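K.L.:
So the protein lines, in turn, are chains A and B.
If you use our numbering, the first sequence corresponds to residues 1 to 368, in order.
If you use our numbering, the second sequence corresponds to residues 1 to 328, in order.
Since the hints were made in silico from the structure, they are not lab data.
Quantities reported herein were computed from a predicted structural model and do not represent experimental measurements.
A hint or two may mislead.
Stated by the list, open to error - The following label-pair restraints were derived from C-beta to C-beta distances:
| hint | chain 1 | residue 1 | chain 2 | residue 2 | range |
| --- | --- | --- | --- | --- | --- |
| 1 | A | Ile65 | B | Arg246 | 42 to 50 Å |
| 2 | A | Ile65 | B | Val141 | 18 to 26 Å |
| 3 | A | Asn82 | B | Gly90 | 39 to 47 Å |
For every residue, glycine included, the Cβ atom is placed at its ideal position computed from N, Cα and C.
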Amino acid sequence: MAMPRLGDLVPPAGQPGPVGPALLGRAVGAPAPGGGITGARSLRRMARAITSNRKATAGAVLLLIFIVIGLIPGVIAHVDPNTIYAPKLPPSGQHLLGTTALGQDMFAQVIYGTRPVLEIAFGVGLGATVIAMLIGVAAAYLGGAWDSALNLITDVLLVIPLFPLLIVLARYLNGAGTLVMIVVITATGWSYTARQLRSQALSIRNRDFLEAARVRGERSLYIIVVEIIPTMTSLLVASFLTNALYAVLFSSGLQFIGLGNPSVTSWGTMLYWAENNEAFQTGQTLWIIVPGLCIVALGAGFALLNYAFDEIGNPALRPVRSMQRSRQSSAGPAEQGLPGSSPERAGRGFRRSSPGPAERGKRVQPAK
Amino acid sequence: MRFILRRLGFFVLTLWVALTLNFLLPRMMPGNPAQAMIANHKGVVSPTALKALEAQFGLNTHQSLIGQYFRYLGDVATGKFGVSLTTQPGASVGRIVLDAIPWTLGLVGVTTVLAFILGTLIGILAAWKRGGHLDSIMPPVFVIMTVVPYFWLGLVLILIFGVKLHWFPYFFTYDYTLTPAFDWTFIGNVLHHAILPAFTLLITTIGTWILTMRNTMITTLAEDYIRMARAKGLPGRRIMIDYAARNAILPNLTGFAMSLGFVVGGAILIEYVFNYEGVGYLLLNAVNNDDYPLMQALFMLITAAVLVAILLSDIATAVLDPRTREAS
Chain A
1 MAMPRLGDLV PPAGQPGPVG PALLGRAVGA PAPGGGITGA RSLRRMARAI
51 TSNRKATAGA VLLLIFIVIG LIPGVIAHVD PNTIYAPKLP PSGQHLLGTT
101 ALGQDMFAQV IYGTRPVLEI AFGVGLGATV IAMLIGVAAA YLGGAWDSAL
151 NLITDVLLVI PLFPLLIVLA RYLNGAGTLV MIVVITATGW SYTARQLRSQ
201 ALSIRNRDFL EAARVRGERS LYIIVVEIIP TMTSLLVASF LTNALYAVLF
251 SSGLQFIGLG NPSVTSWGTM LYWAENNEAF QTGQTLWIIV PGLCIVALGA
301 GFALLNYAFD EIGNPALRPV RSMQRSRQSS AGPAEQGLPG SSPERAGRGF
351 RRSSPGPAER GKRVQPAK
Chain B
1 MRFILRRLGF FVLTLWVALT LNFLLPRMMP GNPAQAMIAN HKGVVSPTAL
51 KALEAQFGLN THQSLIGQYF RYLGDVATGK FGVSLTTQPG ASVGRIVLDA
101 IPWTLGLVGV TTVLAFILGT LIGILAAWKR GGHLDSIMPP VFVIMTVVPY
151 FWLGLVLILI FGVKLHWFPY FFTYDYTLTP AFDWTFIGNV LHHAILPAFT
201 LLITTIGTWI LTMRNTMITT LAEDYIRMAR AKGLPGRRIM IDYAARNAIL
251 PNLTGFAMSL GFVVGGAILI EYVFNYEGVG YLLLNAVNND DYPLMQALFM
301 LITAAVLVAI LLSDIATAVL DPRTREAS
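Sequences are here, hints too, so could you generate the full structure?
P.N.:
Spelled out as structure tokens, the structure:
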């Protein structure tokens with residue numbers, strides 16, 4: 001297992017802030033002329049990191065499998081998920097997983113159910129990341145009253161319990177189809193990332209390369225888009241993964257309690273119908289087990305990738321063996337993430353120290 | 001002190017936002033959900049109740065939106081949340097909610113405390129014995145455990161331990177053949193019913209504590225003062241507990257106080273799956289039966305609980321960690 005050379009990834013000593021940006025240590029410290037190049041290089045570095053970290057590889061493979069299934073469900077399952085056969089058939093060559101109590105082919109349902117879940121995951125992941133990026137970076141860069149106002153909005157949204165809010169919203173909307181689900185989860189879920197991105201932007205606000213851009217007379221928009229945002233690539237990726245994961249869990253939860261659109265085939269709605277038809281009591285175990293396993297597998301894909309990125313960003317968290325090997329090339333991994341060293345204003349919120357994936361995961365708790 | 005006042009101000013503001021959402025959502029949403037609800041219940045509820053409902057949701061009234069809004073704020077401030085529509089028709093919403101709170105606090109509260117203590121301990125040990133068995137198996141396992149949906153795990157446990165093995169009951173809070181009383185039969189029955197949901201919650205939440213604790217602890221263990229303590233020849237256990245764990249536990253403590261707040265609404269889906277009659281079950285019941293007054297009151301309650309818990313956690317962190325005080 002060839003780890004990337006540690007020296008490449010360790011941030012400049014004392015670089016505060018969330019763990020994520022460490023991945024781009026060099027890009028932040030010595031910006032290449034032109035942000036585009038920096039961005040491309042860090043993406044390439046990320047691709048290399050995925051293939052060299054076992055957790056990341058596993059996560060990426062899981063994700064890829066589901067993406068393929070979501071793209072070409074018709075090739076994999078050759079019956080329509082809503083054709084009615086005899087109910088409660090056992091698994092057979094004809095129906096790989098049998099049929100439901102309503103007579104649908106369960107395998108086809110699982111396969112066709114992948115796409116809506118992925119749509120929600122990617123929609124929310126992208127949407128929430130973009131909103132968070134705009135708000136977080138704008139707050140940090142504009143400063144002053146703008147910062148206070150945007151920060152206040154972020155903080156308020158951060159402490160309102162999301163899942164109950166989603167339930168209430170979905171109820172008023174009379175059940176949420178895919179698009180509504182994306183909009184609602186995005187609108188309520190961007191705040192955590194916005195806060196992270198803001199502190200990252202704050203931490204680099206006074207760096208020389210931004211000063212240089214200002215002296216060159218670049219416009220604010222240019223500086224934000226070309227100079228600041230590329231330094232956040234890894235945080236943005238982490239944000240995408242986290243939000244996508246929440247979206248999968250939140251939306252399946254909502255669908256399970258019947259607040260989705262019950263006529264859309266999706267894993268959450270499968271569980272809803274299974275529960276409503278007392279699948280366990282009538283021996284239809286697969287009806288509940290299989291969609292649930294799919295949710296877990298897709299969620300694990302996102303979570304493993306995310307965790308691996310944290311390991312890459314914070315070398316101290318890596319498995320011990322590779323840590324020892326790379327020790328010669330590094331000054332010691334513990335420079336970052338000291339509690340209290342982050343640029344966040346203390347007392348404003350909860351992320352005072354390096355947020356590992358576990359802490360990020362915390363918001364899942366109220367929800368699932 | 002100023003810090004605490006500022007936090008307090010922030011929470012009043014947040015509470016106000018939640019109240020306003022509660023007020024605006026049923027009025028602003030497409031298709032006017034309040035109207036639909038009331039249309040569904042005409043004839044079922046008494047005319048006076050219907051009038052009260054219409055007033056609460058701003059139908060058939062000549063009052064301006066602003067006027068309604070202030071009336072609503074006044075009602076909430078004086079504890080008037082209205083009456084339930086369908087859950088227990090005619091009963092005061094406040095009463096119903098109060099009845100459900102102890103069940104949630106008992107089930108989810110106790111489990112959360114347990115998960116926190118166990119998870120933190122395991123996290124400390126895993127970080128201390130870096131590269132040991134515990135440390136090498138755990139992270140990937142618990143990364144995956146944290147993505148298992150509560151409700152699905154609940155269903156699977158019901159299948160294994162309830163339907164197949166008949167070890168535990170999986171329906172309701174206690175046997176309805178029993179009358180609630182303070183004797184061992186009843187308490188035993190309640191505990192028996194709580195085991196499966198509690199276990200579900202425990203194994204899905206413990207991973208978060210373990211991972212946070214382990215990761216902070218590892219960062220802390222690389223600090224100079226730890227090296228110094230080692231150089232001084234202090235016993236390992238003392239370094240682990242007094243030097244490393246004490247400093248590393250702060251993020252976990254903050255998280256703990258926060259999750260206590262989520263207790264009230266947190267296990268909504270678990271309560272739903274097990275028909276456990278706490279706050280979450282009540283909320284979903286209200287949602288499924290169009291009981292909007294009850295639903296609104298529950299949303300407020302859950303928000304308020306979260307806010308109080310976060311406030312407490314902020315104060316605790318300020319007391320425990322001088323650095324946060326200096327910084328503000």
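K.L.:
Hint by hint, note whether the structure agrees.
P.N.:
Here is how each hint holds up against the structure:
Taking 42 to 50 Å as the suggested C-beta distance range, the pair A/Ile65 and B/Arg246 conforms, at roughly 44 Å. For the hinted restraint 18 to 26 Å between A/Ile65 and B/Val141, the CB-CB distance of approximately 21 Å keeps it satisfied. Separation of A/Asn82 from B/Gly90 is about 42 Å and conforms to the stated range, judged on CB atoms against 39 to 47 Å.
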